[in-house]
Amino acid sequence: MSVLAASTAHGLTLGVFAVILALTLLITRWAAKRTRSADQFWAAGRGISGAQNGLAIAGDYMSAAAFLGTVGLIYLFGFDGFVTGVAALASFVTVLLLLAERMRNAGRFTMADVLAFRLNARPARTAAAIGTLCVVGFYLIAQMIAAGALFEALAGITFPIAVVATGVFMLAYVIFGGMLATTWVQIIKAVLLMSGVIVLTVLVLNRVSWNPFAVMDQATKHTKDGDSFLAPGLFFKKPLDTVSFGLAFLLGTAGLPHILMRFFTVPDAKAARTSVGWAVGIIGCFYLLVSIVGFGARDILGQAGEKTVGDGGNLAAPFVAQSLGGGAGTFGGDVFLAIISAIAFATILAVVAGLVIAASGAVAHDIWTNVVRRGEGDEREEVRIGRIAAGTVAIVAMVLAILAGKGFNIQFLVSLTFAVAASANFPSLLLALTWPRFNTTGALVGVGTGLIVAIGLIILSPTVWPGPDSEGSPFPLTNPAIVSIPVGFIGCWVGTMLGAREPRERFTELHARAETGLGAERATA
Amino acid sequence: MPTHPTRAGEGERIEHEERAPQAGDVVDAEAFDRLVRARRRFTIVVGGLFLALFLTFLALAGWAHDFMGERIASGLTVGYALAVVCIVAVWVVAWAYGRAATRSFDPLSDEAIDEASRS
Chain A
1 MSVLAASTAH GLTLGVFAVI LALTLLITRW AAKRTRSADQ FWAAGRGISG AQNGLAIAGD
61 YMSAAAFLGT VGLIYLFGFD GFVTGVAALA SFVTVLLLLA ERMRNAGRFT MADVLAFRLN
121 ARPARTAAAI GTLCVVGFYL IAQMIAAGAL FEALAGITFP IAVVATGVFM LAYVIFGGML
181 ATTWVQIIKA VLLMSGVIVL TVLVLNRVSW NPFAVMDQAT KHTKDGDSFL APGLFFKKPL
241 DTVSFGLAFL LGTAGLPHIL MRFFTVPDAK AARTSVGWAV GIIGCFYLLV SIVGFGARDI
301 LGQAGEKTVG DGGNLAAPFV AQSLGGGAGT FGGDVFLAII SAIAFATILA VVAGLVIAAS
361 GAVAHDIWTN VVRRGEGDER EEVRIGRIAA GTVAIVAMVL AILAGKGFNI QFLVSLTFAV
421 AASANFPSLL LALTWPRFNT TGALVGVGTG LIVAIGLIIL SPTVWPGPDS EGSPFPLTNP
481 AIVSIPVGFI GCWVGTMLGA REPRERFTEL HARAETGLGA ERATA
Chain B
526 MPTHPTRAGE GERIEHEERA PQAGDVVDAE AFDRLVRARR RFTIVVGGLF LALFLTFLAL
586 AGWAHDFMGE RIASGLTVGY ALAVVCIVAV WVVAWAYGRA ATRSFDPLSD EAIDEASRS
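So the protein lines, in turn, are chains A and B.
Going by the numbering used here, the first sequence opens with residue 1, and the numbers climb by one from there.
Going by the numbering used here, the second sequence opens with residue 526, and the numbers climb by one from there.
Calculated directly from the structure, the hints in this document are not laboratory data.
Incorrect hints may have been included.
Short, incomplete list of chain A residues facing chain B, as computed with Cβ under 10 Å [said to hold, decoys possible]:
| no. | residue |
| --- | --- |
| 1 | Phe-229 |
| 2 | Gly-281 |
| 3 | Ala-500 |
| 4 | Thr-508 |
Just a sample of chain A residues kept apart from chain B, beta carbon distances all over 10 Å, derived [claimed, not checked]:
| no. | residue |
| --- | --- |
| 5 | Ser-7 |
| 6 | Arg-122 |
| 7 | Leu-240 |
| 8 | Val-243 |
| 9 | Val-276 |
| 10 | Leu-288 |
| 11 | Leu-301 |
| 12 | Ile-385 |
All residues carry an ideal CB built from backbone N, CA and C; glycine is no exception.
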């Protein structure tokens, strides 16, 4: 019998989770009264402070993959799991140095705003909206599948019902409370997640007289891999896989629409960079702590635990909590398991809410208002369409997640998310902000080639290619970024050279605004 | 200077809509040129250093398994130490950027808008 089959543990998990949900719904009610205009719906009236936004970025960014996935990867593969965490954090250097302040100054609600500002608005906006929807869609489905599988394992609710429940709550936040509710759900989640990880770390360290390196030493004694558990190479089989994965992260975060959108919620560029400071402080501490919990998991669960932690070791963190709380069947163990599981659900909810609001911006603000209606519609219509779009996107994601099923390869969707973000979205965004000669054709060709090459190479990669162990897949690497990012940039360049020169004035306008904040959107909240 | 718009951060209301300088004048301002150069220099130098560190880390993690697995102290490997160095480096970059922005980019940006509104 599985240690988790105990119904008391399930009941406790649901109980703790219900408390968190009640809190988030109260916030949504409060936020709903402050969400009328488009500025409020998509940008929380630009009244979020730098520190608040930093926490919210951390809450938006640290998905279930970051918490359960990284602990699981370190538990299963040792050091390589920590490499993924370092790469995830490193990406914020790109965001800070190249995009954060410029995005805040130049954008309004969506990533596409920046491209449409200087390029031929309708085609550029359409391309950026498609890039947004692809990235957000892949990530959303991955998170929904993860949520469903976790709910089923930890709370005893069947997969389809768990997916629908996740969808309903994420929609409630977005539809009623817009960006303001989403922001506060993300802040609460970041605080809960950090608290949970801190407590886990303290308990892990407490077992080994407060020496983190003793945890790692102990870990090598409980794995068949011995000392090589602390060395790279157990997860990333090919050297280029490590590099390609690292690059996908390094440039991918700078192309994630739901993260970039967070910069529109602060009053000015100064608050945008402050928020990155807070975010990297929190996320960096998070991964340092998670590394200790991950190696501690190996020490605590040992080789035998590998059979019970599920695909990718996702259940390692909850099991460690249970063990640290006193073990399966004990009151302390059940309570601690329930708290960590509930935090994991809250983590997913905060991320999917961020994704849905980004998708709703792309559909309503970009495609509906500015492409279909050519900017004719009024603000109330835009917000109404935004709510309908959020509902539609959520329902499509729920249906696809249920059809895909809990056995679906989520890793494939997550690597696709970052590869497409880095290869399709990031190049055109960066060039639109910095390269005077860049033009509409460049953006279209760049987004198109980045998208097609990233998706194509993933289909040809060992992750997806059918067959035993996918031996002989046409593309050897699991992550295409090392090829698809340069191709995305080359696409932008070739398209630009083939396209007609565009008047310099639009770039001048964007350049002045992005660098100095002249004429940037101001706070209304 | 009655038509002179106040600079951000001086505590007075900014009224860009009515007396906003033109983008063209801002871009032509001498201070704008210095702003763009200063920011570009920072990005290339600091971003380049970080990129070099991070790519070295990735390359070592990819190719030099034995070296990364070597123990510096009991339980502490070269790999883990380098990973921590990368994390701290991100914090240092964020701190340094904030400092450069406050000391150099913000004043230059204000100066450029100032200059443009006088032209």
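A quick look at each hint next to the structure:
For A/Phe-229, the interface hint holds, the least distance from its beta-carbon to any beta-carbon of chain B being 9 Å, beneath 10 Å. Interface hint status for A/Gly-281: upheld, as the beta-carbon distance to the closest one in chain B is roughly 7 Å, under 10 Å. Violation of the interface hint for A/Ala-500 is found here, the shortest Cβ-Cβ separation to chain B being roughly 22 Å, above the 10 Å cut-off. Using the Cβ-Cβ criterion of 10 Å, the hint placing A/Thr-508 at the interface with chain B is satisfied: the shortest such distance is roughly 5 Å.
Distance check on A/Ser-7: its Cβ is at least 40 Å (rounded) from any Cβ of chain B, clearing the 10 Å threshold; non-interface status holds. At roughly 22 Å from the closest C-beta of chain B, the C-beta of A/Arg-122 stays outside 10 Å, upholding its exclusion from the interface. Non-interface call for A/Leu-240 relative to chain B: violated, since the shortest CB-CB distance, roughly 7 Å, does not exceed 10 Å. Separation of A/Val-243 from chain B is inadequate, the least Cβ-Cβ distance of about 5 Å not exceeding the 10 Å criterion.
Here A/Val-276 does not stay apart from chain B, with its beta-carbon only about 6 Å from theirs, under the 10 Å limit. Consistency note on A/Leu-288: stated as away from chain B, yet its beta-carbon is not over 10 Å from all of that chain's, at 6 Å minimum. The claim that A/Leu-301 is not at the interface with chain B holds, since no C-beta of that chain comes within 10 Å of its own (minimum 18 Å). Against the 10 Å criterion, A/Ile-385 stays outside the reach of chain B, whose nearest CB is about 28 Å from its own CB.
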